[in-house]
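Number of protein chains: 2
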Amino acid sequence: MSAHKESHHPISRSPEDLMKRLLASLGPLALITQPFDKQAYEMGARHAGGVARAVVRPASAEEMSWTIKELLAARVHFVAQGAVTGLVSGATPTQDGSQWVLSTQRLRDVLEVDVINRSATVAAGFRLSDLNKAAAEHGLTFPIDLGSDPSIGGMVATNTGGARLLRYGGVRENLLDVQGVLATPEGTQVGGARGLWKNNTGLSWKQLLCGTFGAFGVVTRATVKLHPLQKQTATALLAVESSAMAMQLLCALEADLGEFVSAFEGISGAALDAVANHPGGSVLFPHTPRYAVLIEISSAIGLESGLNLESLLIHAMEKQLNNGLILDAIVGKPEQIWRIRHSLSEAVQGLGRMIAFDLAVKRSSFALFRDRCLEVVAKQVPSALVCDFGHLGDGGVHLNMVVPQDIEAARIDELRDEIYDLTVLEYDGSFSAEHGVGPYNLKWYQRYLDDATKDWAHLLHFHFDPNAKLGNIRLD
Amino acid sequence: MSAHKESHHPISRSPEDLMKRLLASLGPLALITQPFDKQAYEMGARHAGGVARAVVRPASAEEMSWTIKELLAARVHFVAQGAVTGLVSGATPTQDGSQWVLSTQRLRDVLEVDVINRSATVAAGFRLSDLNKAAAEHGLTFPIDLGSDPSIGGMVATNTGGARLLRYGGVRENLLDVQGVLATPEGTQVGGARGLWKNNTGLSWKQLLCGTFGAFGVVTRATVKLHPLQKQTATALLAVESSAMAMQLLCALEADLGEFVSAFEGISGAALDAVANHPGGSVLFPHTPRYAVLIEISSAIGLESGLNLESLLIHAMEKQLNNGLILDAIVGKPEQIWRIRHSLSEAVQGLGRMIAFDLAVKRSSFALFRDRCLEVVAKQVPSALVCDFGHLGDGGVHLNMVVPQDIEAARIDELRDEIYDLTVLEYDGSFSAEHGVGPYNLKWYQRYLDDATKDWAHLLHFHFDPNAKLGNIRLD
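Each protein sequence line maps, in turn, to chains W and X.
Its first residue numbered 10, the first sequence is counted upward by one per residue in this note's numbering.
Its first residue numbered 10, the second sequence is counted upward by one per residue in this note's numbering.
The hints are simulated quantities; they were obtained by calculation from the structure and are not laboratory data.
Just so you know, not all the hints are guaranteed correct.
Claimed, not checked - Derived PhoX-like pairs: lysine-lysine, alpha-carbon spacing no greater than 25 Å straight-line: (1) W:Lys463 with X:Lys478; (2) X:Lys142 with X:Lys78; (3) W:Lys240 with X:Lys328; (4) W:Lys463 with X:Lys240.
Stated by the list, open to error - Here are the in silico distance ranges between beta carbons for each label pair: (5) W:Ala253 with X:Gln345: 26 to 36 Å; (6) W:Asp460 with X:Gln345: 53 to 63 Å; (7) X:Asp26 with W:Arg483: 53 to 63 Å; (8) X:Ala54 with W:Glu71: 37 to 47 Å.
Virtual Cβ for every residue (Gly too), placed ideally from N, Cα, C.
Using the sequences provided together with the hints, build the complete structure.
Set out below in structure tokens:
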């Protein structure tokens with residue numbers, strides 16, 4: 010079948026031919042071949058990257074389609090790349106220097122806000138911050154809140170989540186339309202930018218291209234739903250006895266604060282200490298609590314309406330202080346509180362050698378699950394310092410920890426396997442709650458995904474990328 | 010390939026054998042063969058149904074899997090069916106009496122609310138009302154608002170929308186997990202009920218089984234996200250000059266009322282008149298306006314919080330009365346207002362021979378599009394009375410109209426084609442915004458869907474239903 014499809018290109022082009030053709034058609038900005046210039050396209054945001062044979066950067070969907078045809082005709086392997094902010098090495102080439110990087114960086118031909126439709130159509134190369142700057146001019150926002158500033162194409166491919174998923178969902182729940190190019194010999198362009206809020210006519214390319222990490226095609230454009238920009242927020246940092254109490258508190262506060270709850274983040278005492286000891290770190294509590302919670306409530310309705318979120322939050326908190334669910338509370342310092350939240354990852358990394366996890370379980374399993382994780386770590390690597398934090402409101406936890414520099418790799422591997430087994434096999438949880446799947450965690454994908462799902466992925470790979478040239482992982 | 014797969018069952022069983030085996034294994038409640046008893050499974054909610062060879066009703070996912078294996082072994086064709094409330098004939102057998110109905114009615118083995126996870130796991134045979142009754146006991150709700158009371162399995166398969174999609178999304182945006190059975194010779198059970206809010210690990214059976222109308226498998230169980238139950242609502246019926254003004258009003262009110270807007274429904278003057286003349290119908294305005302809007306705002310926060318939605322709504326309305334966007338307003342009669350909305354379909358049908366459409370365009374195209382539709386109708390069928398209404402907040406419109414009883418079928422066909430062409434080809438809209446695709450509208454699916462999407466559907470049909478025995482449509 011593969012050979013049959015390759016017959017579209019009976020004569021395979023040499024790499025030199027390919028480069029000449031790309032340069033002639035796409036211009037000099039499109040091609041990067043010098044080692045120094047390639048570096049930015051080779052490094053992953055967290056895990057080490059690889060070596061790119063070359064980087065090609067088409068500037069429109071048409072150029073993307075043509076480029077993919079050329080790459081396939083030359084029988085080269087290529088990896089789609091956005092802003093390289095992902096954490097699973099999904100957008101970087103392998104070490105052997107054989108793969109090309111197909112960058113969406115120059116896909117910036119449209120960024121249009123449709124105010125009446127409350128949507129934006131945006132080319133894959135724009136950043137989240139570009140989109141939100143344009144949306145804010147119309148009192149609107151794309152409410153995916155992340156620590157990094159990814160490209161729109163990368164966000165769609167990765168189906169990013171973030172701190173406000175609890176209220177708004179992830180990318181998939183806010184994606185009205187998507188356009189992409191498949192790795193078929195024809196470089197088939199698929200999808201649209203119709204911007205319909207409703208279109209219930211069966212299969213949609215959103216289902217193929219969003220949350221599949223570029224495995225089946227390259228995202229070139231997205232139409233996303235925008236939300237009214239928040240006009241007031243209230244934020245608090247709450248000390249609680251345990252993560253179990255934090256979950257009880259979540260339910261109690263959701264009952265009192267309803268649709269306003271836009272973030273509910275858990276932070277362990279050790280993670281708070283890491284931030285306190287970090288350069289420029291804040292200490293807000295007189296004594297580090299065992300566990301803390303950041304709650305944010307927000308509304309697109311301003312104070313002039315009579316709605317006062319800060320007093321609403323304080324009232325709800327007082328009730329739970331009286332109920333004993335809250336031990337101590339800090340309010341009125343939103344910037345300091347969010348700075349703590351956003352420094353966590355770096356502060357923990359600053360303590361030494363970090364081992365990171367991106368897990369999720371049901372909210373109702375969270376507290377027990379976390380306790381079990383701590384037991385596993387204490388047994389396997391007693392010297393590890395667990396500094397976990399995460400999106401409690403959606404059951405997510407970054408079970409990050411610091412381990413001695415000289416610990417054997419085998420011990421870490423065992424620990425990882427045991428934590429993932431606990432998560433997936435015992436707690437029916439996710440080994441990749443929001444970061445997606447890439448070479449970094451493909452091993453666990455292969456371990457935990459069922460055969461029927463892999464068969465289906467195999468079918469799609471075979472259909473949409475018949476020569477197996479796209480991407481640095483296969484989901485089958 | 011099909012023949013190859015059928016080799017799993019080298020000996021085809023006779024219909025009599027099949028019935029005996031089903032009866033012996035599933036018990037007498039599972040099998041319906043008498044003409045009188047079959048009737049309820051043969052009639053569509055709007056369009057005429059067909060004739061079932063027999064009806065089989067397994068009572069668990071395991072029984073469903075076994076039943077599908079048996080049906081395939083006997084080489085019979087079967088259509089999955091929930092509560093038969095759909096409007097595109099998607100769940101009824103053909104006229105020739107050859108197809109079986111595979112009912113999910115007795116799949117009622119689980120309805121569990123997980124309060125801390127804010128989710129419910131529910132077997133396909135329960136109704137929306139069953140789920141919401143169970144959820145309400147915990148102050149929670151599944152916020153899909155429909156005129157009918159469908160089964161959960163049907164809702165998932167059809168990806169139902171409804172009047173509150175504007176705020177909450179449809180089924181897909183609220184579906185945490187799904188279980189189903191494929192029409193493979195093995196009756197493969199797929200999916201899960203893990204209830205994770207986040208699990209970003211690639212393909213999910215939600216993407217295959219939700220919004221594909223049972224074409225690729227039968228939904229047996231769903232885990233859905235629940236929302237805090239509303240504690241206050243405010244509703245108004247507003248007279249406006251035109252649908253263009255209604256859209257301007259939508260933007261103005263969304264800017265002032267933010268996340269509270271839970272419904273924004275448009276109603277034409279002719280549709281209001283139809284309700285007024287309907288038995289028990291209400292007249293709320295002294296003179297019928299050219300166009301009207303129902304707005305509902307709601308919150309899970311009660312009045313004790315200081316938030317008063319009714320005064321908020323009145324304040325926002327007064328502003329737009331002064332701006333001239335609102336001509337007249339009725340507030341404080343939520344039940345009467347919603348009764349008008351819910352009587353629309355029946356009232357219009359009561360006027361005579363109804364021709365119905367389920368269209369959507371971008372909100373920003375809506376007003377122009379509606380004007381163009383009215384022009385097409387006036388030209389093609391001058392005697393038609395257009396009584397349109399719809400979900401303006403998401404660009405949806407039920408362009409329903411009453412035509413003379415004796416009008417030629419060819420004229421109606423031409424009208425339909427012209428309206429659909431206008432919707433899809435000129436306005437990039439949807440020919441089935443929320444009702445899905447079934448035999449009733451398959452013709453337009455075939456006309457408007459692109460080849461790449463149909464190829465993909467073909468691939469999936471071939472893989473998940475290799476003997477082509479499931480369903481009354483093919484999406485390829």
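Verification of the hints:
{"no.": "1", "hint": "W:Lys463 with X:Lys478", "in the structure": "24 Å, holds"}
{"no.": "2", "hint": "X:Lys142 with X:Lys78", "in the structure": "35 Å, violated"}
{"no.": "3", "hint": "W:Lys240 with X:Lys328", "in the structure": "19 Å, holds"}
{"no.": "4", "hint": "W:Lys463 with X:Lys240", "in the structure": "45 Å, violated"}
{"no.": "5", "hint": "W:Ala253 with X:Gln345: 26 to 36 Å", "in the structure": "48 Å, violated"}
{"no.": "6", "hint": "W:Asp460 with X:Gln345: 53 to 63 Å", "in the structure": "56 Å, holds"}
{"no.": "7", "hint": "X:Asp26 with W:Arg483: 53 to 63 Å", "in the structure": "44 Å, violated"}
{"no.": "8", "hint": "X:Ala54 with W:Glu71: 37 to 47 Å", "in the structure": "45 Å, holds"}
When held up to the earlier numbered hints, the structure conflicts with 2, 4, 5 and 7 and fits the remainder.
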